[in-house]
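So the protein sequences, as listed, match chains A, B and C.
With my numbering applied, the first sequence covers 1 to 260.
With my numbering applied, the second sequence covers 1 to 304.
With my numbering applied, the third sequence covers 1 to 235.
Where hints are given, some of them may not hold.
[Claimed, not checked] 25 angstroms max Cα-Cα, derived DSS-like pairs, lysine-lysine:
| id | chain 1 | residue 1 | chain 2 | residue 2 |
| --- | --- | --- | --- | --- |
| 1 | B | Lys231 | B | Lys36 |
| 2 | A | Lys79 | B | Lys153 |
| 3 | B | Lys153 | B | Lys231 |
| 4 | B | Lys153 | B | Lys173 |
| 5 | A | Lys79 | B | Lys152 |
| 6 | B | Lys221 | B | Lys27 |
Derived from the structure by calculation, the hints contain no laboratory data.
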Amino acid sequence: MSDIDQPILSVKNLTKRFGDRIAVNDASFDLWQGEVLAIVGESGSGKTTLLNCASARMTPDVGQVSFRTRHEGVVDVYKLSEAARRLLSRTDWGYVHQNPADGLRMDVSAGANVGERLMALGERHYGRIRNEAAQWLSRVEMQQDRIDESPQTFSGGMRQRLQIARNLVTRPRLVFMDEPTSGLDVSVQAKLLDLLRTLTHQLDLASIIVTHDLAVARLLAHRMLVMKDGCIVEQGLTDQVLDDPQHPYTQLLVSSVLLP
Amino acid sequence: MSAVTTLDPAINLDTGYNFAYLDERTKRMIRRAILKAVAIPGYQVPFGSREMPLPYGWGTGGIQVTASIIGRHDVLKVIDQGADDTVNAVNIRRFFQRTTGVVTTERTVEATLIQTRHRIPETPLQENQIIVYQVPIPEPLAKLEPREAETKKMHGLSEYGLMHVKLYEDIAKFGYIATTYDYPVMVDDRYLMAPSPIPKFDNPKMNMNPALQLFGAGREKRIYAIPPYTKVESLAFDDHPFEVQRWQQHCALCGAKESFLDEVITDDQGGRMFLCSDTDFCQERRGEVASTAALVERPLSGSV
Amino acid sequence: MSRSFAIQIRDLAKTFTLHNQGGTELAVLNAVSLDVHPGECVALDGPSGAGKSTLLKCIYGNYRATQGTLIVSDGNTTLDLTTASLRQQMAMRRTTVSYVSQFLRTIPRVSALDIVAEPLMEGAGGDIDRLAAARRTAETLLLRLRIPPRLWSVPPATFSGGEQQRINIARGLICPRPVLLLDEPTASLDAENRLTVTAMINEAREQGAAIVGIFHDQRVRDTVATRVINMAEFR
Chain A
1 MSDIDQPILS VKNLTKRFGD RIAVNDASFD LWQGEVLAIV GESGSGKTTL LNCASARMTP
61 DVGQVSFRTR HEGVVDVYKL SEAARRLLSR TDWGYVHQNP ADGLRMDVSA GANVGERLMA
121 LGERHYGRIR NEAAQWLSRV EMQQDRIDES PQTFSGGMRQ RLQIARNLVT RPRLVFMDEP
181 TSGLDVSVQA KLLDLLRTLT HQLDLASIIV THDLAVARLL AHRMLVMKDG CIVEQGLTDQ
241 VLDDPQHPYT QLLVSSVLLP
Chain B
1 MSAVTTLDPA INLDTGYNFA YLDERTKRMI RRAILKAVAI PGYQVPFGSR EMPLPYGWGT
61 GGIQVTASII GRHDVLKVID QGADDTVNAV NIRRFFQRTT GVVTTERTVE ATLIQTRHRI
121 PETPLQENQI IVYQVPIPEP LAKLEPREAE TKKMHGLSEY GLMHVKLYED IAKFGYIATT
181 YDYPVMVDDR YLMAPSPIPK FDNPKMNMNP ALQLFGAGRE KRIYAIPPYT KVESLAFDDH
241 PFEVQRWQQH CALCGAKESF LDEVITDDQG GRMFLCSDTD FCQERRGEVA STAALVERPL
301 SGSV
Chain C
1 MSRSFAIQIR DLAKTFTLHN QGGTELAVLN AVSLDVHPGE CVALDGPSGA GKSTLLKCIY
61 GNYRATQGTL IVSDGNTTLD LTTASLRQQM AMRRTTVSYV SQFLRTIPRV SALDIVAEPL
121 MEGAGGDIDR LAAARRTAET LLLRLRIPPR LWSVPPATFS GGEQQRINIA RGLICPRPVL
181 LLDEPTASLD AENRLTVTAM INEAREQGAA IVGIFHDQRV RDTVATRVIN MAEFR
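Please model the entire structure based on the sequences and the hints provided.
If you want it as structure tokens, here you go:
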């Protein structure tokens with residue numbers, strides 16, 4: 001089996017409890033390079049908890065998360081040292097929060113927000129950091145002359161795009177996104193979705209997107225998981241799940257969507 | 001004005017307190033923290049900071065460190081912004097005079113122990129000297145990362161990229177690194193450290209200094225240290241290297257070109273002059289100081 | 001038949017279970033067996049509701065078969081869609097099977113040209129030369145299908161039904177694939193464009209594609225189909 005045939009991320013039998021409540025129950029899935037996986041389900045179904053456990057932001061009670069690194073083969077994420085795990089999460093991984101304020105430093109400039117990961121990796125040339133930051137602002141369709149402005153002055157859509165640039169500057173291979181487009185106007189949402197679609201494609205990103213919006217899943221994801229009450233009740237290619245849902249809950253979910 | 005201070009006759013040794021005010025157990029606790037700090041250069045060691053008879057922000061951390069290490073034969077110098085005669089310096093000096101009876105001096109060369117607020121003397125320190133800094137905010141990352149658990153983790157894992165974010169912001173805003181005091185340093189290539197609000201002019205003096213440098217933060221309950229001859233490097237970018245302040249002017253009194261100058265407004269007509277911030281250095285250059293510290297014989301209470 | 005097949009279907013059944021309608025079961029396909037070979041164009045015939053579209057969607061893997069086997073071959077390797085992993089199914093769609101649905105699924109902000117060129121851009125990443133070549137091929141197709149160049153840079157959401165259908169056909173035919181599935185590709189086209197599309201379908205078949213399609217238009221069916229299968233045969 002060649003390297004590229006192995007999943008970049010493999011989640012096995014993952015369970016997370018909060019007290020007596022099981023937030024995620026025995027979840028398993030694989031993700032390959034270049035693949036976008038959507039996790040859908042209603043609020044409280046455990047999709048964000050699954051995302052957090054898969055991205056090492058929350059330790060699961062049971063289960064294993066393996067990641068295929070660039071140079072060191074497949075590693076068990078929860079057996080890495082904390083230092084190695086944190087390094088991974090700010091180099092080869094990205095995490096896009098629903099609320100951009102959670103993923104940005106709101107009191108430093110856009111340029112510094114984008115440049116931070118580079119500085120964390122030891123880049124010590126101001127000019128290069130600034131150039132790189134400016135290029136990334138362009139790539140997320142922001143004007144370069146806003147590089148010195150604070151995200152406080154940005155609209156929600158711009159903040160979200162800045163957050164994406166901040167994550168992608170180290171060329172991660174895997175990006176986790178938690179409802180990246182909710183809370184935005186529909187027109188702004190369309191722009192962001194198109195941007196995400198283009199970037200994941202161009203950068204050959206593997207990505208997991210938590211969303212409750214089936215249209216977002218349809219547009220961005222190759223595959224999807226449907227969660228209910230902490231369990232993955234159905235998974236398949238996105239169009240399979242949406243056009244031929246098998247599980248009662250998925251059928252309810254799909255039939256509940258209003259089409260304009 | 002004499003550089004040497006003998007005990008003001010009005011100041012009596014206060015026999016109601018232990019030598020140097022703190023009880024011996026507290027001193028031992030603080031010395032243990034200091035030893036740990038010396039063993040791990042630049043690392044902030046927590047300690048059980050005591051209530052002192054002056055408010056936080058007036059040097060309670062530095063005073064506790066000084067009180068824990070001062071001995072009967074030490075010669076103490078206290079400076080505030082380089083001057084020996086400002087309120088904070090005078091009061092702390094008087095505090096130790098009353099509680100220890102040790103000899104005090106204004107001359108850097110004569111002191112074995114120097115407590116300082118916001119300056120390092122211009123006269124190079126020697127191996128037999130200890131300098132104690134008063135520290136308001138020991139955590140250099142505090143302004144950028146308010147969560148203490150997170151900053152501890154960042155120190156533990158040497159994740160210091162964030163500090164450069166601050167310097168980046170300076171250059172983006174002003175075109176150069178505009179941080180002029182409390183300029184962050186790396187100690188012994190390992191720990192990021194706040195040098196306390198000394199001007200960055202003084203930063204190079206910390207590097208490979210023969211003297212022991214101790215830092216005390218009373219409110220924040222942290223002690224840290226730079227052992228003698230330790231590498232201390234000011235952070236910078238390759239294309240914006242670290243630079244210290246320079247002045248066009250010379251000291252109006254002693255003519256010094258290489259010392260840290262204070263701008264003094266002399267009238268309300270726009271008149272101004274530049275003077276050495278280090279008053280002892282300035283006086284030495286003017287040849288106004290000749291005498292050595294007067295040793296004052298005093299019966300000592302306490303048990304050192 | 002000894003010739004190697006492109007599609008081999010055996011005893012295929014597709015039943016929809018409507019859990020939210022009291023578990024009603026709709027048996028749409030039952031006991032479907034069919035072989036399609038390279039260079040063949042099979043037209044599915046039968047009244048509405050006979051399961052023509054359902055069968056096409058099963059072959060594309062859009063609907064998951066309830067029973068039976070459904071094997072697709074690209075000439076070298078075969079894949080049983082009823083047991084294939086999701087990854088294998090994705091690969092099959094990238095390399096083997098092209099599906100032209102009745103309706104174009106538009107994407108906000110993506111131009112008509114890029115929608116057409118997209119299958120060729122697969123895996124190009126940021127390779128500018130490949131992307132440019134893909135767009136040039138798309139332009140040729142759009143010209144042939146009489147989409148005026150002023151529309152190329154416009155997202156096709158606002159296009160007429162006929163224009164959208166031609167965009168969809170161009171996208172479906174831009175990469176020659178061993179298997180081509182066509183769901184009423186000419187329904188909204190005028191006579192001139194219908195001729196162009198039928199010519200393109202025939203060209204694809206002559207180049208070796210195995211085609212399965214639904215053609216309500218008798219003239220089109222007569223022009224492109226090499227075989228007509230009545231869905232009633234499977235009942």
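Structure-based check of each hint:
About 18 angstroms separates the Cα atoms of Lys231 of chain B and Lys36 of chain B, which keeps this hinted pair within 25 angstroms; it holds. About 18 angstroms separates the Cα atoms of Lys79 of chain A and Lys153 of chain B, which keeps this hinted pair within 25 angstroms; it holds. Distance hint between Lys153 of chain B and Lys231 of chain B is fulfilled; the C-alpha atoms sit about 23 angstroms from each other, no more than 25 angstroms. About 29 angstroms separates the Cα atoms of Lys153 of chain B and Lys173 of chain B, which puts this hinted pair outside 25 angstroms; it is violated.
Simply put, Lys79 of chain A and Lys152 of chain B have alpha-carbon atoms about 22 angstroms apart, close enough for the 25 angstroms limit, and the pair holds. About 14 angstroms separates the Cα atoms of Lys221 of chain B and Lys27 of chain B, which keeps this hinted pair within 25 angstroms; it holds.
The structure does not agree with numbered hint 4 stated previously, though it agrees with all others.
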